[in-house]
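*Asks:* Listed below, chain by chain, are the residues.
Protein chains: 4
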Amino acid sequence: MADKKPLRVAMIGYGFMGAAHSQAWSVAPKFFDLPLRPELAVVVGRDAERAADVATRFGWESSATDWREVIRRDDIDLVDICAPGDTHAEIAIASLAAGKHVLCEKPLANSAQDAILMAEAAESALAAGVFAMVGFTYRRVPAISFARELVRSGRIGTLRRVQANYLQDWLVDENAPMTWRLDKTRAGSGSLGDIGAHAVDAVQFITGQTVSSVSGTLHTFVAERPLLGEGIGLGGTASDERGTVTVDDSALFTARLSDGALASFEATRFATGRKNAFRLEFSGSTGAVSFDLERMNELEFYDGTDAAGERGFRRILVTEPEHPYAAAWWPTGHGLGYEHAFSHQVRDLVLDIAAGRQPEPSFADGLQVQTVLEAIERSAASRSEWTTV
Amino acid sequence: MADKKPLRVAMIGYGFMGAAHSQAWSVAPKFFDLPLRPELAVVVGRDAERAADVATRFGWESSATDWREVIRRDDIDLVDICAPGDTHAEIAIASLAAGKHVLCEKPLANSAQDAILMAEAAESALAAGVFAMVGFTYRRVPAISFARELVRSGRIGTLRRVQANYLQDWLVDENAPMTWRLDKTRAGSGSLGDIGAHAVDAVQFITGQTVSSVSGTLHTFVAERPLLGEGIGLGGTASDERGTVTVDDSALFTARLSDGALASFEATRFATGRKNAFRLEFSGSTGAVSFDLERMNELEFYDGTDAAGERGFRRILVTEPEHPYAAAWWPTGHGLGYEHAFSHQVRDLVLDIAAGRQPEPSFADGLQVQTVLEAIERSAASRSEWTTV
Amino acid sequence: MADKKPLRVAMIGYGFMGAAHSQAWSVAPKFFDLPLRPELAVVVGRDAERAADVATRFGWESSATDWREVIRRDDIDLVDICAPGDTHAEIAIASLAAGKHVLCEKPLANSAQDAILMAEAAESALAAGVFAMVGFTYRRVPAISFARELVRSGRIGTLRRVQANYLQDWLVDENAPMTWRLDKTRAGSGSLGDIGAHAVDAVQFITGQTVSSVSGTLHTFVAERPLLGEGIGLGGTASDERGTVTVDDSALFTARLSDGALASFEATRFATGRKNAFRLEFSGSTGAVSFDLERMNELEFYDGTDAAGERGFRRILVTEPEHPYAAAWWPTGHGLGYEHAFSHQVRDLVLDIAAGRQPEPSFADGLQVQTVLEAIERSAASRSEWTTV
Amino acid sequence: MADKKPLRVAMIGYGFMGAAHSQAWSVAPKFFDLPLRPELAVVVGRDAERAADVATRFGWESSATDWREVIRRDDIDLVDICAPGDTHAEIAIASLAAGKHVLCEKPLANSAQDAILMAEAAESALAAGVFAMVGFTYRRVPAISFARELVRSGRIGTLRRVQANYLQDWLVDENAPMTWRLDKTRAGSGSLGDIGAHAVDAVQFITGQTVSSVSGTLHTFVAERPLLGEGIGLGGTASDERGTVTVDDSALFTARLSDGALASFEATRFATGRKNAFRLEFSGSTGAVSFDLERMNELEFYDGTDAAGERGFRRILVTEPEHPYAAAWWPTGHGLGYEHAFSHQVRDLVLDIAAGRQPEPSFADGLQVQTVLEAIERSAASRSEWTTV
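Chains as they are written, first to last, in the working numbering: chain P, 1 to 389; chain A, 1 to 389; chain B, 1 to 389; chain Y, 1 to 389.
If we strip away everything but chain P, and leave its shape as in the complex, we get (with noise of 0.2 Å):
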C-alpha cells in the first residue's frame, strides 16, 4: 500500500460530520483495495483549539484555521467539506478553482442559486481532470444500495408508488433549543433541506426517475425557542433567551416521477418516538421493497412472483457477500453501523477520482436536488399547488 499514490485530504469542519467523515478517510483504505493512499492531511476549523484537538484525535497531520490558505497549499488534492450549508458555495468553488477534489456535504448549498453557481463551477473543474461529489451518503448503505439494484434490474416491475417518510422527533420537546439548524440564514432550511433533501435523493437514486412535479406543504409546529447555550451536535443546553424558528418542522408533499410513478413524503422532526426512521417503500408492478434506516441492516422484498400462497415481504439481512459492499466487513448476519456509509463513498469516490470518472452523485445531481426543494417551497407557498421542477 505504501507504493500507491497519495490523496490528500483537507477536510473543512468538524462537528458530529467530522468525526464521520475522519472514519471514513481512515477506515476506508483498510477494509478495501483502494487504489490511491488517502492521508489525512488537514483538518479546518474557525475554532484553533477544537480544530488541533479534532486532528490529534481523528489522526490528521495538522489543523488550521483558515480555509483560503489550505486550499492553495500543493500537498492538498481533495477538499472535504463538512461545514454549515451557507459556507458549501464559497469553499467549494474556490477549492475546484484551485484544482482540488471536493466532497461536500449536503444539501448542495442554502439557495439555489447558490448551487447553480456550484454546479457551474464542477461542470469547468471537470474537464480540468477535477471531480466534485456531493455526499448524499446514505446511497451507499448497503440495504439502499441493494433496493436500487432489485429495483432498477426490473425485480419489482413497472414502478407506480413510492412512500417515503424520514421520521425524527428531536424537536418534539418545546423546550428544545434552538441551534444552527433552525436558523434560516445557517441551514437554508429546517426539515426539507436536512432529511428531506434525502428523502428525494435516495428515491430518484434507487428508482433512476426524477421528480417533475410537486406538492408540498411546510410546517412549523413550535415557532420560538430558547436559544443555545453551548452544544454541538444535534443537542445541546438551552440559555435563557428565546429565539424564533424561521425554517419548517415538517414538509409533507406529493411528487410525480419522470416515468410515471406517484410519491409522497415527508420530513419531520415531530414524529414523537422516532428516532432516525428513513423509511423508503417502491410499489411496483409484481414486487415491492421496504426499509427502514432504524433497521438499516434489513430490506424487505415482496416477490409478486413467488408461488400464490408463498408471497410475503422477505426480511434480508443485507450482509451476505451478494450485497453492495458487504464482501469487505463481516460475516454474515453481522451488521454495519451509520458510519459505515461514510467509508463506501470514500471508497468510491476514491475509485472513481483514480479511474477519472464523474463520481456520483455530481454537484448537478444535488442542484437537482436543491431544485426538486425549491419547487417544493414555491408550492408551499401558493397553497400547495402542482408546481413543475
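Think of the hints as simulated: they come from the structure by calculation, not from any bench. The model shown is predicted, which means the values in this text are computed figures rather than measured ones. C-beta: ideal position from N, C-alpha, C; glycine also. Accuracy of the hints is not assured; some may be wrong.
Below are the BS3-like pairs computed for lysine-lysine, each with C-alpha atoms no more than 27 Å apart in a straight line [claimed, not checked]: (1) B:30 with A:30; (2) P:4 with P:30; (3) Y:4 with P:30; (4) B:4 with A:30; (5) A:30 with A:5; (6) Y:4 with Y:30; (7) B:30 with A:4; (8) Y:30 with P:30; (9) P:30 with P:5; (10) A:30 with B:184; (11) P:4 with Y:30; (12) B:4 with B:30; (13) A:30 with A:4; (14) Y:5 with Y:30; (15) Y:30 with P:5; (16) B:30 with B:5; (17) P:30 with Y:5; (18) A:5 with B:30.
Sample of chain B residues at the chain A side, in silico, Cβ under 7 Å [as the list claims (entries may be wrong)]: (19) 30; (20) 32; (21) 37; (22) 58; (23) 275; (24) 276; (25) 296; (26) 327; (27) 332; (28) 333; (29) 334; (30) 336; (31) 337; (32) 338.
We have chain P already, so just place chains A, B and Y on it with the hints.
*Replies:* Relative to the frame of chain P, chains A, B and Y by itself:
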C-alpha cells in the same frame, strides 16, 4: 334472554358485508349482555335464490326481494343496509320515514347531496325516537378504540402529527377485472370513498378533531380493465370485454385538523404486498400511538414520560380485560378477527337504542366525512390547492 | 340446508372452552358447506342455573345437569366434552359405548392409563362407525395447517431442527390465585399437559414425525398460592386461604423425532410479557418456517432456494384463498381470531363423520401425545435422563 | 493525546478477528478519552506475507512470524491473542510470564486443563500488576450492557426464566466445506464452544448469577464434509477430499442458575435462515427484557409495573446518551455495527489497566465458562443427566 324485548332486523344486501353483518347480529348477544334481543327477521336481495340461500345459511327467518315491502312491515324494528352506495339514500330515507332504526354501511352515500338528505332524514327521525347509524366499523376494533382512549385522555399530550395510510394491493395486476367498486356510478368513488373514508373517520374518531382543510391528489394507474365475468367479493374472474375504470386507484391528501394538527393520508389499492394495511400513527408532545390493521390485536404506544433511556414503542396486545370490548371474549393473548368489530358495533347500537341515545357515528358524522371527501375531490380538481371543507 | 340430515350435539361443560365450542357449532355451517346440519341440542353442567344460562345465551335447545342421562338419549348423535381432564375418560367411554360420536378437549386424559382405555374404546367404536376425535384445535389455525403443507411437501427439505416454545405469563404474579388448573388431581399436570401438549401435538402434526425419546425438566416456581374465591376462565379473585400448587409451572424438554430431527420444547406460564406466544420454528436443509400464535394470521417462510442475496423470512399473511380454510372467510388481509380454529375443527369433524372417515387427531393420537408427556415426566423424575417414549 | 503514556500492542493472529481487533485499537482512542495511548506495534502470523499485508492495511508498525520473540520485546506492553483456541494457553501464559498484559479471544482454551493453567497464570501476574482479560466481546454491545443494567438494578424483579438461543445457519448446506472450526483438535468444540460460550457468558454477565448445574445434549447433523481448499473467514471453497466433523453442530442444554432461575440454551449452526440471531430473554417477577443480535441496536423491555392495559414490550433503540457507550458515537437513532463492541472492549481494558484494576471478564471468568461447557459435555456423555458444574 327470552324475556327481553326483541329487536327485529331486516338486512338489505348480502355479499361479504352481508355475511359480516349476519354474523354480528347472531354473535353479539352471545358474548355481550344486550338489553334487547336481536332477531334476524329477513334478508333482502335482488336475486331471490341467493337471498334465500343467505337466509338459510346465516339463520335469517326469511328472505325477500323487495325492500320497499319489507320496510312497511310492522314486525321490523331496524333496517341494516349492506347494499352498494348508490342505493343507500333511498333505502335509508324511506326506512327512517317508516319509523325503522337504520344501520347503514359506509360511505353514507355516493354524493354529498344524497348524504345531506340522509342526515336531514336522520335528524327528523331522531325527534321520533328513531335512530340512524353509519357503519364505520373499524371504530370498534379494540386497538382503535383503545388508541382513542389514550389520545383523548392526554396520554400523548398535544397532538401534532397524524399519518394515515390505508394500503391494499388487489388492483396491482393490470388484468384484475372490473367490479362495481371501479364504476363511479355505483361505487361513488374509488380508493378515496372505499378506504380513504375509513381513514378520515378513524382519524377524526381517535383525535376528536375534524378535518378543516385539505390538499389532495387522485390518481388512476390502470384506466381500462377486463369486465367481470362472475364473482362475489373483492375478486372474481375476467371476461373478454374491457371497461373503463372511472374511479381513483390512489388518493393522497394532506389535511389540517381543527385543533392545529397536520395529517397526511394515503388510500391506495396499489401498495404491492400490503393486503389490508390500515396504518395510523398519532404523534403528540409527550407520546405517540401507532396501529396496523394487519396486526389488529396490537397497538404500539410510546410514552415520552418514561424514564430517559427506557423509552420505546410498546407493543400492547389489546386483549386484556382493561381494553375496550375485550373482556367479553377470550383469555388475554387470544386474538380477535375482522368480524368481531361488527359484533361490537351491534352491541353499541343495541345499547344506544335501548337507552334512547343517538348512536355514533351518526348520519351527520357520515355526512361530515362525505364533505371531507368531497373537499378532497375539489382540491384534486384544482391542482391540489388547499381547500376548506 | 334444511333438507340435510341433522347432527345433534350434546356439550358437556362450559367455561371459556364451552363458549368456543358453542360458537364453533353455530358458526361452522354458516361459512362452510357441511353435509350434515349440526343442531345444538343440549348443554350439560353441574350447576343447573349456569347451564341454563349458557344454553340460552349460545342457542342450545336445552340444558341438563346429568350427562349420563343425556348420553342415553336417542336424539343425540355427538357428545362434545369440554369438562376438566379428570372427567374425560368416564364420559368419553360411556358416550362411545352409547354409540355417540365424541369430540373430546385435550389433553385426552389426566393419566396415561385413562388415555389407553379411551383409545381402546374409540378403537372398538370405530368398528361400529362411531368416531372419536381429540381437540388439538390449533391444528386448524390456518397458518399452522399451512406450515404443515410446506413442511410435508418438502419446501424446507430434510427437517433437522425444531424449536417449540409455548409462552404465557398468567402465573407470574405470586399472588395470582389457585385454580383447578394448578391442582394435579383435576388438571393432571400443569404447563406440560395444558400447553406443552399443544406443542407436542403441533410439532408431530406439522412434521409427520413422532417424538421417540425425550430428556425433560419440570419446575414449579411458586409452590403456594391463595385459594380461588370466585371466577371463570384463566383469571379470578383470591380468597384468604392458601393452597399448594401440585403441578409444574414450566416444562423444558429436548426430543428426538422419529426421522432424526432434534427438537427443543418449552412450555411455561412464567414468560413475563408473553400472553399466548406459541412459537414454532422448523429448520430444514433448504428452508424454514416460523410461527407465533400472538400473530396467528402470519407465517414466516424462508426459502433457501431463492437467489443468493434475496433470501429472507417472508411474512406471509395466511389469508389468501390458497391457504387452508381461508377462502371461506373474508377478503385477503382480513384476519381471523382465536375461535375460528374451533369452527374449522367442527367443519373437518362433520365432513369426516359424513364420509365415514376417522377424524384426526384420533384418540390414538391423543394417547400418543399423552405417552410423550408421560415419558417427559419419567425423564424429569430421573434427573432428565434420555427416556424412550 | 501525544503526551499520554503509550500502550504498545502486539496482536497474534489475523483472520476476521484480527481485523476486528485492529479496528478496535485504532478506533477506540478516537471516540473515547483514554488515559493511555494505544500504539499498534506489531502483528504476528505464521505466514509472513499475509502478516505484512495485515500490518500495512490496518496500520500496525510492523509484522512478525515468531510470537515468542515478540513477547520478549521490551517495547510491548500488551499481547492481544486472536489465534485459534489451541494456541491460547501457551501464548497467554508466556506473555503474562513476560510481564505483558493479555487480551485473549474466547473461548479461553480448548480444554478445561489449559484454562486452569491460564487462570493460574493470570492470578500470579495480577500480583505483579499485569492484567489478563478474555474477549467475550458481546458484553460490550450497548443493548446487552443495558440489559444488564435493567436486570441488575431490579427493573424486572426476581429473575426466574432465561431463554438463550444462538442461531446461525452457515453449516446447513451439507456440502459446505470443513474449516478449522469443525476440527476438535483445533477448535476444541463446535457450536458449544464457539457460540454456546457466548450464550453462557452473556447470561451470567447479565444476571449476575452463575450456572450451577446443567443437563445437555450435543448433536452433529452432518458427520462428513468436503475438505477446505482455500479460504478465510467462515466460508471458503471446497476440495475433492472429505473429512470427518469432530465437533457438535448443535448444543441444547438446560441450566439452573445460582439464585434459582431456570435457563434453556440452544447453540446451533443449523437454524436455517438465521444468520447471527443471538437471542436472549430474561423473565422476572415484574418485567422482562429481550434481545436479538440481528437487531443489535434494539432492546425490548417489558415493564410489568406499567398501568394495566398499557403493558407491552418496548422496543428501545439503544442509541441514547443514557445508554452504555452510546454517547461517544452518533446522534440518537444512528446505529452501531458489529465491530463497535470491540472498541468498547479496548476502552474498558485500557481504563482498567491505567487504573490498576482487574478487567472483566477475567481469565477466571473465562475458566468458569469453560467449566460450564465441560459440565455440559459430561452431561451429554451421560444421557443428559443433570450434572453439577
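*Asks:* Now tell me if each hint is right for this structure.
*Replies:* Hints, one by one, checked against the model:
| no. | hint | in the structure |
| --- | --- | --- |
| 1 | B:30 with A:30 | holds (16 Å) |
| 2 | P:4 with P:30 | holds (14 Å) |
| 3 | Y:4 with P:30 | holds (26 Å) |
| 4 | B:4 with A:30 | holds (26 Å) |
| 5 | A:30 with A:5 | holds (16 Å) |
| 6 | Y:4 with Y:30 | holds (14 Å) |
| 7 | B:30 with A:4 | holds (26 Å) |
| 8 | Y:30 with P:30 | holds (16 Å) |
| 9 | P:30 with P:5 | holds (16 Å) |
| 10 | A:30 with B:184 | violated (32 Å) |
| 11 | P:4 with Y:30 | holds (26 Å) |
| 12 | B:4 with B:30 | holds (14 Å) |
| 13 | A:30 with A:4 | holds (14 Å) |
| 14 | Y:5 with Y:30 | holds (16 Å) |
| 15 | Y:30 with P:5 | holds (26 Å) |
| 16 | B:30 with B:5 | holds (16 Å) |
| 17 | P:30 with Y:5 | holds (26 Å) |
| 18 | A:5 with B:30 | holds (26 Å) |
| 19 | 30 | holds (5 Å) |
| 20 | 32 | violated (10 Å) |
| 21 | 37 | violated (10 Å) |
| 22 | 58 | holds (5 Å) |
| 23 | 275 | holds (3 Å) |
| 24 | 276 | holds (3 Å) |
| 25 | 296 | holds (6 Å) |
| 26 | 327 | violated (10 Å) |
| 27 | 332 | holds (5 Å) |
| 28 | 333 | holds (3 Å) |
| 29 | 334 | holds (4 Å) |
| 30 | 336 | holds (4 Å) |
| 31 | 337 | holds (3 Å) |
| 32 | 338 | holds (4 Å) |
Violated hints, listed in ascending order, are 10, 20, 21 and 26; each of the other numbered hints is respected by the structure.
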